[in-house]
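Given these sequences and hints, build the entire structure.
In order, the protein sequences belong to chains B and D.
So in the numbering used here, spot 70 of the first sequence is number 70, and the numbers just go up one at a time.
Every position in the second sequence, counted from 1, becomes a number in the numbering used here once 1000 is added.
In case anyone wonders, no lab produced these hints; they're calculated from the structure.
Keep in mind that a hint or two might mislead.
Stated by the list, open to error - For each label pair, taking beta carbons as the anchor points, the in silico distance ranges come out as:
#, chain 1, residue 1, chain 2, residue 2, range
1, B, 32, D, 1394, 43 to 51 Å
2, D, 1110, B, 33, 20 to 28 Å
3, D, 1456, B, 41, 55 to 63 Å
4, B, 40, D, 1213, 17 to 25 Å
5, D, 1509, B, 41, 39 to 47 Å
6, D, 1437, B, 18, 16 to 24 Å
7, B, 40, D, 1125, 53 to 61 Å
8, B, 38, D, 1110, 54 to 62 Å
9, D, 1494, B, 41, 38 to 46 Å
10, D, 1214, B, 60, 31 to 39 Å
11, B, 60, D, 1394, 27 to 35 Å
12, D, 1247, B, 38, 14 to 22 Å
13, B, 70, D, 1381, 30 to 38 Å
14, B, 16, D, 1456, 42 to 50 Å
Unchecked claim - Below, simulated DSSO-like cross-link-like pairs (lysine-lysine); rule was C-alpha separation at most 30 Å, straight line:
#, chain 1, residue 1, chain 2, residue 2
15, D, 1310, D, 1321
16, D, 1467, D, 1238
17, D, 1467, D, 1231
18, D, 1231, D, 1310
19, D, 1321, D, 1238
20, B, 36, D, 1238
21, D, 1321, D, 1231
22, B, 36, D, 1214
23, B, 36, D, 1310
24, D, 1321, D, 1214
25, D, 1231, B, 36
26, D, 1467, D, 1321
Every residue gets a Cβ at the ideal spot worked out from N, C-alpha and C, and that includes glycine.
The primary structure of each chain is shown beneath.
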Amino acid sequence: MPQRAARTTSPVVRVVVAILLIAPFVVYLSVPSYAKVRPRLAGFPFFYWWQLVWVIVTALFIGAAYLLTRQAGAPKDGGE
Amino acid sequence: MDNVNGVELAIFIIFFVLVTVMGFMAARWRRGDTLMHLDEWGLGGRKFGTFTTWFLLGGDLYTAYTFIAVPAAVFASGAMGFWALPYAAIAYPIVFLIGPRLWSVSHVHGYVTTADFVRGRFGSKSLGLAVAVTGIMAMMPYIALQLVGIQAVLTVIGVKGSGLAKDLPLLIAFALLAAYTYTSGLRAPALIAFVKDSLIYLVIIVAVIYIPTKLGGWGHIFDSAQASLAKTNPATGKPSGSLVTSNMTHWAYGTLALGSALALFIYPHTVTGALASGRRNVIKRNAALLPAYSLLLGLLALLGYMALAKPDVAAAVRAAKNPQLAVPTLFDHVFPSWFAGVAFAAIGVGALVPAAIMSIAASNLFTRNVYKEFFRPDASPAEETRVAQLVSLLVKVGALIFVLAFDKTLSINLQLLGGIWIVQTFPSLAFGLYTRWFHRWALLAGWAAAMVYGTLTAYQQHSPAQKHFAQSTADVPFLGHTGYIAVTAFVINMLVVLVLTVIFKAAGLPDGTDETRAADYTADSTDTDVRELPELVAE
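Structure (structure tokens):
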């Protein structure tokens, strides 16, 4: 079996990626912080629109984490 | 069978037939040389790209459970039922962290199941067996839940009766599912997932745009729902729910979301879908792309409020004493018959895809980690596949018994019971992907303690309507709050693992051999030692 070194990422990137991935947990698990009706948005109570908006933010954060770590995992591949 | 809606039933059947034909044809789609190898049957040859993987994994989130049980929970208890949204969001950072490492190490060592990895990593057959048995036990109620979804739809279409007539449509759907899973393996659900997800997207988008215009807008829907939830429930003497969580329910809401998120990517069916992808980065990309489903899941949950806001629907569902009928009844009352038929087909097909993947995942676990490991170490690949095919049939029969023997309104709690169990494999599997520090016997002891605690605690939960398994939340010891049992059990699990690891290491108890190396966890398809079994390369 050929020898191959474990690929590593720079410490700064690691910290940024960690923040991107931990932030959704902090937001969603502080339930009392968003358990309120106002302000409403398009008829949606705050409780609902805040959590829906954070789904999009979570996706963007993970997308950013992917772009930051892509080079570390493999040579850039040409999509599907 | 009085009052059957002919148009709805006809469209439902047409889609079912279409999907069945696709299921059988799938055996020819993207096939390698032979289907008689477990990798080929159970992992679809391991070469799905970003697009197919997105549909396939999306099928795991968007099940009949989603369509029926999540809005039902919102209908019945308001904000508390909305925990499925934060769950479906925070699950993906976890997928991003453990998915690629699991893909890499599995492809270097030829692991097909989570139990394969745990056995190889910790050098412990018994720990592998514990993970396999937990996975199989967790799959059964989850498959059962999918069948409950089909049942709810059939009830609203008007297909009911007594005895055999009542269960016959379910038995037919079931037999078809079993037959094409048997012949086509993982390719069947992967191909059907395209139809299913397109239908579901269409239905949800139409529902969240069209229904609010009929009901006076979102603001009015929330206001009516709030008024309805504030009314006293005669069974408990308390309001049935509220529009936002309260001091009583914050903890339950957060722990249900967290515990279920821990479970999502270690469920055997999710892992089966993820390992079938062709490259490491396919999983990373999907972690960022799959939340698109979660967004729709949140809107879907709000269909429960629409059902509350439409008095005739709310009255019909309450009269039937089954909140799971909320969404089917809403569609039946609001949509023209032909579109209600499409919506019901979406739910029905939405039940079949995950049920197929789940039975494949459960049978892979049994075949590799129980049968081959303990009974037939020299089983040939063809024998492995034959056994896996047979077990996938048995698993479905088991799920059917689950559905017919248990109270159907329990479906969400049945799935949550499986969730309580599966979370207890998180330390061995997910933490094991990052560290080998834990002692194998400590992991086994932690798992056992948590399984006993979780199962007993769930069993003791009662309500006016049910003596046991009434809910998946319970008082958390020393905390004074109500929380998801899986998370409490997980904390107990980790405490046992940490304490015993220190003790076992100090005592010098023999630790197993780790057959993996650090570099295995970052390997990609371009690396020469990433395993593509020869018959899989031939396209």
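Cross-check of the supplied hints:
Range check, residue 32 of chain B to residue 1394 of chain D: Cβ separation about 47 Å, and the 43 to 51 Å hint holds. Look at residue 1110 of chain D against residue 33 of chain B: about 46 Å separates their beta carbons, and that is not inside 20 to 28 Å. Against the hinted window of 55 to 63 Å, the Cβ-Cβ separation of residue 1456 of chain D and residue 41 of chain B comes to about 44 Å, which falls outside the hint. About 19 Å separates the C-beta atoms of residue 40 of chain B and residue 1213 of chain D, a value consistent with the hinted range of 17 to 25 Å.
Distance hint check for residue 1509 of chain D and residue 41 of chain B: the Cβ-Cβ separation is about 58 Å, which falls outside the suggested range of 39 to 47 Å. Distance hint check for residue 1437 of chain D and residue 18 of chain B: the Cβ-Cβ separation is about 20 Å, which falls inside the suggested range of 16 to 24 Å. The beta-carbon spacing between residue 40 of chain B and residue 1125 of chain D, approximately 57 Å, falls within the hinted interval of 53 to 61 Å. Judged by the Cβ atoms, the range 54 to 62 Å given for residue 38 of chain B and residue 1110 of chain D holds: they are separated by roughly 56 Å.
Checked against the hint of 38 to 46 Å, the pair residue 1494 of chain D and residue 41 of chain B passes, with Cβ atoms roughly 39 Å apart. With their beta carbons about 33 Å apart, residue 1214 of chain D and residue 60 of chain B fall inside the hinted range of 31 to 39 Å. For residue 60 of chain B paired with residue 1394 of chain D, a C-beta distance near 44 Å fails the hint of 27 to 35 Å. Taken as a hint, the range 14 to 22 Å holds for the pair residue 1247 of chain D and residue 38 of chain B, whose Cβ atoms sit roughly 18 Å apart.
Take residue 70 of chain B and residue 1381 of chain D: their Cβ atoms lie about 35 Å apart, and the range 30 to 38 Å holds. For the hinted restraint 42 to 50 Å between residue 16 of chain B and residue 1456 of chain D, the CB-CB distance of approximately 43 Å keeps it satisfied. About 17 Å separates the Cα atoms of residue 1310 of chain D and residue 1321 of chain D, which keeps this hinted pair within 30 Å; it holds. Pair hint residue 1467 of chain D plus residue 1238 of chain D holds up; C-alpha atoms about 19 Å apart against a cutoff of 30 Å.
At most 30 Å may separate the alpha-carbon atoms for a hinted pair to count; residue 1467 of chain D and residue 1231 of chain D meet this at roughly 25 Å. For the hint pairing residue 1231 of chain D with residue 1310 of chain D, the CA-to-CA distance comes to about 16 Å; that is within 30 Å, so the pair holds. Taken as a hint, the residue 1321 of chain D and residue 1238 of chain D pair is honoured in the structure, with Cα atoms around 18 Å apart against an allowance of 30 Å. Of the pairs offered as hints, the one joining residue 36 of chain B and residue 1238 of chain D holds, with about 20 Å between alpha carbons and a cut-off of 30 Å not exceeded.
Between residue 1321 of chain D and residue 1231 of chain D the alpha-carbon distance is near 16 Å, which keeps this suggested pair within the 30 Å criterion. Taking the CA atoms of residue 36 of chain B and residue 1214 of chain D, the gap is about 27 Å. The hint holds against a cut of 30 Å. Simply put, residue 36 of chain B and residue 1310 of chain D have alpha-carbon atoms about 24 Å apart, close enough for the 30 Å limit, and the pair holds. For a cut-off of 30 Å, the pair hint linking residue 1321 of chain D to residue 1214 of chain D stands: about 25 Å separates their Cα positions.
For the hint pairing residue 1231 of chain D with residue 36 of chain B, the CA-to-CA distance comes to about 20 Å; that is within 30 Å, so the pair holds. Proposed proximity of residue 1467 of chain D and residue 1321 of chain D is supported: the alpha carbons are some 18 Å apart, at most 30 Å.
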